[in-house]
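Asks: Below, each chain spelled out in residue letters.
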Amino acid sequence: NAGVTQTPKFRVLKTGQSMTLLCAQDMNHEYMYWYRQDPGMGLRLIHYSVGEGTTAKGEVPDGYNVSRLKKQNFLLGLESAAPSQTSVYFCASSYSMAGVYNEQFFGPGTRLTVL
Amino acid sequence: SQQGEEDPQALSIQEGENATMNCSYKTSINNLQWYRQNSGRGLVHLILIRSNEREKHSGRLRVTLDTSKKSSSLLITASRAADTASYFCATDGGYGGSQGNLIFGKGTKLSVKP
Chain A
1 NAGVTQTPKF RVLKTGQSMT LLCAQDMNHE YMYWYRQDPG MGLRLIHYSV
51 GEGTTAKGEV PDGYNVSRLK KQNFLLGLES AAPSQTSVYF CASSYSMAGV
101 YNEQFFGPGT RLTVL
Chain B
1001 SQQGEEDPQA LSIQEGENAT MNCSYKTSIN NLQWYRQNSG RGLVHLILIR
1051 SNEREKHSGR LRVTLDTSKK SSSLLITASR AADTASYFCA TDGGYGGSQG
1101 NLIFGKGTKL SVKP
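In order, the protein sequences belong to chains A and B.
According to the working numbering, the first sequence holds residues 1 to 115 in order.
According to the working numbering, the second sequence holds residues 1001 to 1114 in order.
Among these hints, one or two may not hold up.
[As the list claims (entries may be wrong)] Here are the simulated DSS-like pairs of lysine-lysine, each with C-alpha atoms no more than 27 angstroms apart in a straight line:
#1 A:Lys71 to A:Lys57
#2 B:Lys1026 to B:Lys1069
#3 A:Lys71 to A:Lys9
#4 B:Lys1056 to B:Lys1070
#5 A:Lys57 to A:Lys9
#6 A:Lys57 to B:Lys1026
#7 A:Lys9 to B:Lys1109
#8 B:Lys1056 to B:Lys1026
#9 A:Lys57 to B:Lys1069
#10 B:Lys1070 to B:Lys1113
#11 A:Lys9 to B:Lys1106
#12 B:Lys1026 to B:Lys1106
[Unchecked claim] Sample of chain A residues with no beta-carbon within 12 angstroms of chain B, all distances over it, derived:
#13 Val4
#14 Leu22
#15 Asp26
#16 Asn28
#17 Gly53
#18 Asp62
#19 Asn65
#20 Leu69
#21 Ala82
#22 Pro83
#23 Ser84
#24 Arg111
#25 Leu112
These are computed hints drawn from the structure, not numbers from a lab.
Even for Gly, the Cβ is constructed at its ideal location relative to N, Cα and C.
Could you put the whole structure together from the sequences, leaning on the hints where they help?
Replies: So, in C-alpha cells, the structure goes:
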C-alpha cells in the first residue's frame, strides 16, 4: 500500500497563476483533509471532506477550493496564487469505527512557493 | 486558532536521557493525539489517547492525559539520536462539529545529541 501520496512535491508559481494539488489514498478512508504548515507553526486546516462528493471549510479556507469526486482523491485548487500562499501543504486521511474517530495518515507534503 | 500549546518550544538532551513534552488545550475533547515530524517530512502518528483514558504506552513512549487540567504529556524514555524531530499534539477541534478534525499546536522541537 502506498498510503497517502501527493503530487507534485515542489512547485513554484507566479502571482496570479493557478494550480491544483492532488492527494490520493489507497486505504478506503472516508475522511480527507488539506492542511498548510508555515515556518514555526503547527498545521492549519484549509478544507476537509467527510465523504465522496462532500467538502467543508476549515480554519483558513480563503483563496482555496477543493473537490472530492472520487473517494480516493482530494484535490486542492488555487485559482489565483498569492505570495501569502507560500507554504508546505499536507494532505491526510482518516477513518472512523462505530462513530469513533481515529488517527490521521499524512502524505509527504507539497512545497509551494509563490513569487 | 490553535487549541493545543506545547511546552517547551525546544528541548535539547543527550542520548539515553528521557524527554518530556507537555501540551495544554482549551476546550473539552474526545481524544488527543501526538505526532512526530522529521525535518521536511510529513507527520507520523505516535499515540492517540481518548478522553476516558489517563495513560497509554507504546514502546518507549508514554502519554498521560489530565482532562481536569486540560493537559497531556509525552515522555520518550532512553532517547536516541533518531528521535530528533518536532513533536505535535493535536486535539479534535470541531470544525464542523465532531467530524474528526484536528487542531494542532506549534510543536516541540527535540534535539537528541549522540
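Asks: Within a Cα-Cα threshold of 27 angstroms, do Lys1056 of chain B and Lys1026 of chain B meet the stated pairing?
Replies: Given pair Lys1056 of chain B, Lys1026 of chain B holds - Cα atoms ~21 angstroms apart, limit 27 angstroms.
Asks: With a cut-off of 27 angstroms on the C-alpha distance, tell me whether Lys9 of chain A and Lys1106 of chain B pass.
Replies: It holds: about 23 angstroms lies between the C-alpha atoms, which stays within 27 angstroms.
Asks: Are all beta-carbon distances from Gly53 of chain A to chain B longer than 12 angstroms?
Replies: Per Cβ check, Gly53 of chain A is outside 12 angstroms of chain B; nearest 15 angstroms; holds.
Asks: Mind verifying the non-interface call on Ala82 of chain A? Its CB should be farther than 12 angstroms from each CB in chain B.
Replies: For Ala82 of chain A, whose nearest Cβ neighbour in chain B is about 22 angstroms away, the distance exceeds 12 angstroms, so it holds.
Asks: Quick one, are Lys9 of chain A and Lys1109 of chain B close enough, alpha carbons at most 27 angstroms?
Replies: OK: Lys9 of chain A and Lys1109 of chain B at ~24 angstroms, within 27 angstroms.
Asks: Over 12 angstroms from every CB of chain B: does Asp62 of chain A meet that, or does the non-interface label fail?
Replies: The claim stands: Asp62 of chain A keeps its Cβ more than 12 angstroms from every Cβ of chain B (closest is about 14 angstroms).
Asks: Does Leu69 of chain A sit more than 12 angstroms from chain B, CB to CB?
Replies: Consistent with the label, Leu69 of chain A stays out of reach of chain B, its closest Cβ about 20 angstroms off (over 12 angstroms).
Asks: Just to be careful, I want the Cα atoms of Lys1070 of chain B and Lys1113 of chain B compared with a cutoff of 27 angstroms; is the pair within it?
Replies: violated (31 angstroms)
Asks: Mind checking the alpha carbons of Lys57 of chain A and Lys1026 of chain B for me, to see if they're no more than 27 angstroms apart?
Replies: With Cα atoms ~22 angstroms apart, Lys57 of chain A and Lys1026 of chain B stay inside 27 angstroms; holds.
Asks: Quick one: work out the minimum CB distance from Asn65 of chain A to chain B and report holds if it exceeds 12 angstroms, violated otherwise.
Replies: holds (17 angstroms)
Asks: Would you check the hint for Lys1026 of chain B and Lys1106 of chain B, treating anything up to 27 angstroms between C-alpha atoms as holding?
Replies: Holds, at about 15 angstroms.
Asks: Mind verifying the non-interface call on Arg111 of chain A? Its CB should be farther than 12 angstroms from each CB in chain B.
Replies: violated (8 angstroms)
Consistency with the previously given hints fails for numbers 9, 10, 13 and 24, ordered from lowest to highest.
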